Structure formats: C-alpha cells, structure tokens
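Visitor: Please arrange chain B on chain A, whose structure you already have, making use of the hints.
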Amino acid sequence: MIREFTKGLWKENPIFVQVLGMCPTLAVTTRALFGFSMGMATLFVVVCSSVVVSSIRRFVPRQVRIPMFTIIIATFVTAADYFLKANFYQISKALGPYVPLIVVNCLILGRAEAFASKNGVGRAFMDALGMGAGFTCALVVLGSVRELLGAGSVFGYRLMRDGFTEWVVMILPAGAFLTLGLLVGLFNIINSKKRGAVRAG
Amino acid sequence: MGKELILVFIAASITNNFVLTYFLGICPLIGVSNKIESAVGLGLATTFVMTMAATVTWLIYNKILVPFDLVFLQYVTFIMVIASLVQFVEMFIRKTSPQLYRALGIFLPLITTNCAILGLTLFMVLRNYGFLESVVFGLGAGVGFTLALVLMAGIREELVFADVPEPLKGTGISLIVAGMLALAFMGFGGIISG
Numbered sequence: 001m002i003r004e005f006t007k008g009l010w011k012e013n014p015i016f017v018q019v020l021g022m023c024p025t026l027a028v029t030t031r032a033l034f035g036f037s038m039g040m041a042t043l044f045v046v047v048c049s050s051v052v053v054s055s056i057r058r059f060v061p062r063q064v065r066i067p068m069f070t071i072i073i074a075t076f077v078t079a080a081d082y083f084l085k086a087n088f089y090q091i092s093k094a095l096g097p098y099v100p101l102i103v104v105n106c107l108i109l110g111r112a113e114a115f116a117s118k119n120g121v122g123r124a125f126m127d128a129l130g131m132g133a134g135f136t137c138a139l140v141v142l143g144s145v146r147e148l149l150g151a152g153s154v155f156g157y158r159l160m161r162d163g164f165t166e167w168v169v170m171i172l173p174a175g176a177f178l179t180l181g182l183l184v185g186l187f188n189i190i191n192s193k194k195r196g197a198v199r200a201g
Numbered sequence: 001m002g003k004e005l006i007l008v009f010i011a012a013s014i015t016n017n018f019v020l021t022y023f024l025g026i027c028p029l030i031g032v033s034n035k036i037e038s039a040v041g042l043g044l045a046t047t048f049v050m051t052m053a054a055t056v057t058w059l060i061y062n063k064i065l066v067p068f069d070l071v072f073l074q075y076v077t078f079i080m081v082i083a084s085l086v087q088f089v090e091m092f093i094r095k096t097s098p099q100l101y102r103a104l105g106i107f108l109p110l111i112t113t114n115c116a117i118l119g120l121t122l123f124m125v126l127r128n129y130g131f132l133e134s135v136v137f138g139l140g141a142g143v144g145f146t147l148a149l150v151l152m153a154g155i156r157e158e159l160v161f162a163d164v165p166e167p168l169k170g171t172g173i174s175l176i177v178a179g180m181l182a183l184a185f186m187g188f189g190g191i192i193s194g
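Chains A and B, in that order, are what the protein sequence lines are.
For the first sequence, our numbering assigns the number 1 to the initial residue and increments by one for each residue that follows.
For the second sequence, our numbering assigns the number 1 to the initial residue and increments by one for each residue that follows.
Okay, chain B solo, but in the shape it has when bound:
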C-alpha cells in the first residue's frame, strides 16, 4: 500500500507532470511566472486547493453522486467545490499575508479556472483511485505544478538578459521554453517502470 502511494506521488509530480505532459494549468505558467517568489506563493496556494479538492470531490463523488445515481451532475458539482475552496484560500491569504495577496493579484481567483484542478478531479474519477490515493495524487500534482512554475520563473528571470528575436518576445519564447522543459521532463519517463 505504502509503495503504491509513493508511486502515485512520483507519477503525479514528476513523470506525468500536470503542466508539462497533460498541459493543465498553462495560463498561470505563461502569465504569473515572472518572479520566483510569486511562483512559489501561487504554487503553494494551488497545491493546497488541489489536495483539498481531491479530498472533497472524492467524498462527494463516491458517497453522494454515485449512490444516488447523479453522476451527470459531476462537472457542475466539481466546479462549485473548487470555486468555494478558492474563495476560502483567498480569504485566508488576504488575512495572513496581504503582501502575497497583492503579488498574486488577479491570478488568485483565477485558480478556479485553472484547468489543473478540475483536470485532477476528472483524472481521479477516470482512474478509480481510492481515498488515500486521491489525496496523495492531489498533493503530488500540486507539488509538480509548483515545480514547473518555479523552474519556469527561474528561466524567465534569466531570459530578461537574453537577445530574443522581436516576433517571439513574450508568449512565443515562453512557450518554447516550456517545450524545452517538457523535453527535459521526458527524461524522467523511465523511473516508474524501472
């Protein structure tokens, strides 16, 4: 059991990194990751929301939707759960760290429309994860997201000094950098089967 949980964690965070192999959560990757500090802040907030979302949606899906034959409501329910969690995190961060709150700005409420979180809950249902697996899966996905975001921010801080061709400035070069990162992460591919 313990070994399986570790495998789920490593798969979600590294080999099947949500951002770089499933393309989930690209918007914050392109938008927010200019500074390492705000990347870490957003990453941690997202990790928290992801873990909570996995926990709560697992309970709702398996204890309410399935027994009462309401599976067709799953998208509507999941998105409402995520939206309320984000609201909660937003209130919490505003109280505890106004500085971080200002730095994240519009990207905090936008966690709701971060595909990574809804994607996580959908993958969880598709793969029939048990309760503990789901929680670990959420945590792993969050760590992987933070990792990608921070790496990207680090590269982009350096990129300021690089001589980028005019048409590629901004979005273009960010996407190409993400492509390079995805190539690098492909190298981890063998870990799980080995």
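This is chain A alone, in the form it adopts within the complex:
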C-alpha cells in the first residue's frame, strides 16, 4: 500500500519521469503559490476520480469507459473550479482557464485508465494520492525556481538582495520550457548517480 503512494513521488513522478500534464505545469508556475494551488486542485480531482472509477469498474462496459471516465473527471473539475472561485477568487482569476483544463490533464485520465480501472478502491486511492503529491511537488519546485530567478522571491518572500537583476525571461513562456528541460536533466543525473551507487554497493 505504502509503495503505491511513494512511487508517485519519485520513481514514477508524473512530471519528471512520465512527462504527463505538461500544460498546467508550464503555464501556471510563474509563482510558487500558483503552482501549489494548481497542484492541490489536481490532487483533489485525481483522488476523487480514481476512487469513483475504481469503485464502478465492474459495471462499466469496456467500449464506453473512456467517455465515462472523462465525464467523471469533468464533474470533479467543475466542483474544484467553483470551489476556487468561491473561496480563493484571486488565485482562481490568476489560474484562469487552466483550472478547467485539468479535465484534459493526461495524468488524470492516465491514472484512471492505467491503474484505477484495474485495482481496488484502497490501492487506487493511495496511487492517486501519490501521483497528486508528486505532481504538486514538481509544480512547487518549478514555480519556486522561476519565481526566484524571475522576481527574486519564493512564495512572495523576497530572497534576493536589492539590486538583483530580475530575469524576466523566466516568467515568460520560454523560461518555463528551459527550466523544465534543465530540471528533467537534473532529475536524470540524480537517478543515474543513485543507480551507480547501488551497483557499486
């Protein structure tokens, strides 16, 4: 059970390893806070839809499963969107159309199809929780790097000394691609080091 949770954090991290759900990842991570909010919204949707998909998996005919899953996901996304609008209006405004776009986040449909539709409710829940958490972590890391270099702060706290020249490009689309590309590279370096250590030991 625990392993279903932890694999999403590192070994099968949805962003760095599986490269799923790129659109929100790149678009909203101009600030660490936006990355975190988007991560939480996605976590909610992936957990709820995985649990529902897993509990109805015996009744759904194979041919119509994809439309079924999509409707389930779209329903939870609508809920998350209205929740954000009601309680965190500023954040919801900043995230804009990227909240409804969670519907087409390949990560969620991917988990529903690859895991939840084949496993029991408990395991599906843990799996979705891990994937959501891994997704959130990756978004926060990406958002922090971009915010630090592009605005000199992280989560709104100023970290750079005065006179720091802000790298405007980090906030722009190009910066998102570059940062994520380099982070994926870093992730691979760490992984290959780890593998090397295991082999040597």
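None of these hints come from the bench; they were simulated from the model.
It should be emphasised that the depicted structure is a prediction, and the values quoted were computed from it without experimental measurement.
Check before you lean on any hint, since a few could be wrong.
Unchecked claim - Straight-line C-alpha distance at most 30 Å; calculated DSSO-like pairs for lysine-lysine: (1) A:Lys93 - B:Lys169; (2) B:Lys35 - B:Lys169; (3) B:Lys169 - A:Lys7; (4) B:Lys169 - A:Lys194; (5) B:Lys3 - B:Lys63; (6) B:Lys169 - A:Lys193; (7) A:Lys194 - A:Lys7; (8) A:Lys193 - A:Lys7; (9) A:Lys118 - A:Lys7; (10) A:Lys194 - A:Lys11; (11) A:Lys118 - A:Lys11; (12) B:Lys3 - B:Lys95; (13) B:Lys35 - A:Lys85; (14) B:Lys63 - A:Lys11; (15) A:Lys11 - A:Lys193.
What the hints assert, rightly or not - Derived list of chain A stretches under chain B, where covered just means 3 residues or more per stretch with a C-beta under 8 Å from a C-beta of chain B: (16) 68–76; (17) 102–116; (18) 172–185.
What the hints assert, rightly or not - Partner residues aside, some chain A positions facing chain B, computed with beta carbon under 7 Å: (19) Val60; (20) Pro97; (21) Ile190.
Every residue gets a Cβ at the ideal spot worked out from N, C-alpha and C, and that includes glycine.
Guide: Quick look at chain B alone, frame taken from chain A:
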C-alpha cells in the same frame, strides 16, 4: 469586420501561438514530432477538429447553455463534443488514408485530451467572441499548432546528429528546443499593436 477577423487569425496562429505561449498541446509536441510527415498529418487533423469544435461549441454554448441557464455544464458538454469530433475524424482518416492512420497511431484518439482544443473553446467563451470570430479563431489556432509541430519536427530531425549530453537526451532537450522556439516567437509580439 474583415480586418478584425484577420487580426484574430494572426494573433491565434503566430503572436499568441497556442503551443508556445499558452502551453496548450505540449504532449503531442514532445511525443509525436519526430518526423515532419506525421507532424503535418497530426497538425491538419487537429486543425480540422479545432475549427469544428469552435463552431459547434459556440452554437451549443450561446444557443443552448446560456438561454437555459446551464452554464455549469459547459466543461462536460465541451469535452463530449470534442470527443465525438475526434471519433469522427479518426473514422474518416482510417477510411481515406490507412497509412497516415498507422503513422499517427495512439496520438489520434489522444487529440481528445489535447489541451489545445478544450483550451480553445474556453478562451472563446472567456473572450466573448462572435460566431465568425470563433470559427476564425479555431482555424488560426490550428494553423499555429501545425506550425509549431512542424518546426519542432524539423529541428528534431536535425537533432539526431547532434551531440546531446546524456541526462538531457529525450525529453530534456525537446523542452529546451521548445524554449528556444518560444523565444523566437516572442519576436512576433509587436505585430498586432503595430
């Protein structure tokens, strides 16, 4: 009226390119664009779906959802419209060009989960586009998507011969190339206001 439509088209295809400034449709960009031919095929299929989706969802949103006060159903409705359109395109391509059908493989049904298409319909609603504007917007977004996909495929064909550092191989270098393309497209930024 005509001038506005042209502006919408240029904005959607070049200055606010869906892939490189809104990050919509990254999955096919990273996944499919290894060969120029399949990039063109997928781009054209997506353009068709986008134009149709803009047309149909505009009608549904403004003629059914708004008058009957059903706006909360918009995400569910939009995604169903897109899914059926994709199914239709898939059947059409399988009949007319089995070769292209095989080349596109899994990425054809995945057009449904291409964020660019749902994103397009959402932007259309957010910006209160009229009917003609929406159709042109869909077409422009599709052309822009095809452009980005083909450019990317061209660069990646060359990349095969490049000496890429080991950890960056695959996804890493594709993302960095996309970053360079995004930088280049920023240069078009001044066109619209000028």
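Visitor: A separate judgement is required for each hint: does it hold in the structure or not?
Guide: Right, here's what the structure says about each hint:
no.	hint	verdict
1	A:Lys93 - B:Lys169	37 Å, violated
2	B:Lys35 - B:Lys169	17 Å, holds
3	B:Lys169 - A:Lys7	23 Å, holds
4	B:Lys169 - A:Lys194	18 Å, holds
5	B:Lys3 - B:Lys63	26 Å, holds
6	B:Lys169 - A:Lys193	16 Å, holds
7	A:Lys194 - A:Lys7	16 Å, holds
8	A:Lys193 - A:Lys7	18 Å, holds
9	A:Lys118 - A:Lys7	17 Å, holds
10	A:Lys194 - A:Lys11	12 Å, holds
11	A:Lys118 - A:Lys11	21 Å, holds
12	B:Lys3 - B:Lys95	39 Å, violated
13	B:Lys35 - A:Lys85	42 Å, violated
14	B:Lys63 - A:Lys11	48 Å, violated
15	A:Lys11 - A:Lys193	14 Å, holds
16	68–76	holds (count 4)
17	102–116	holds (count 5)
18	172–185	holds (count 12)
19	Val60	16 Å, violated
20	Pro97	4 Å, holds
21	Ile190	9 Å, violated
In this structure, the earlier hints numbered 1, 12, 13, 14, 19, 21 are contradicted, and the remaining ones agree with it.
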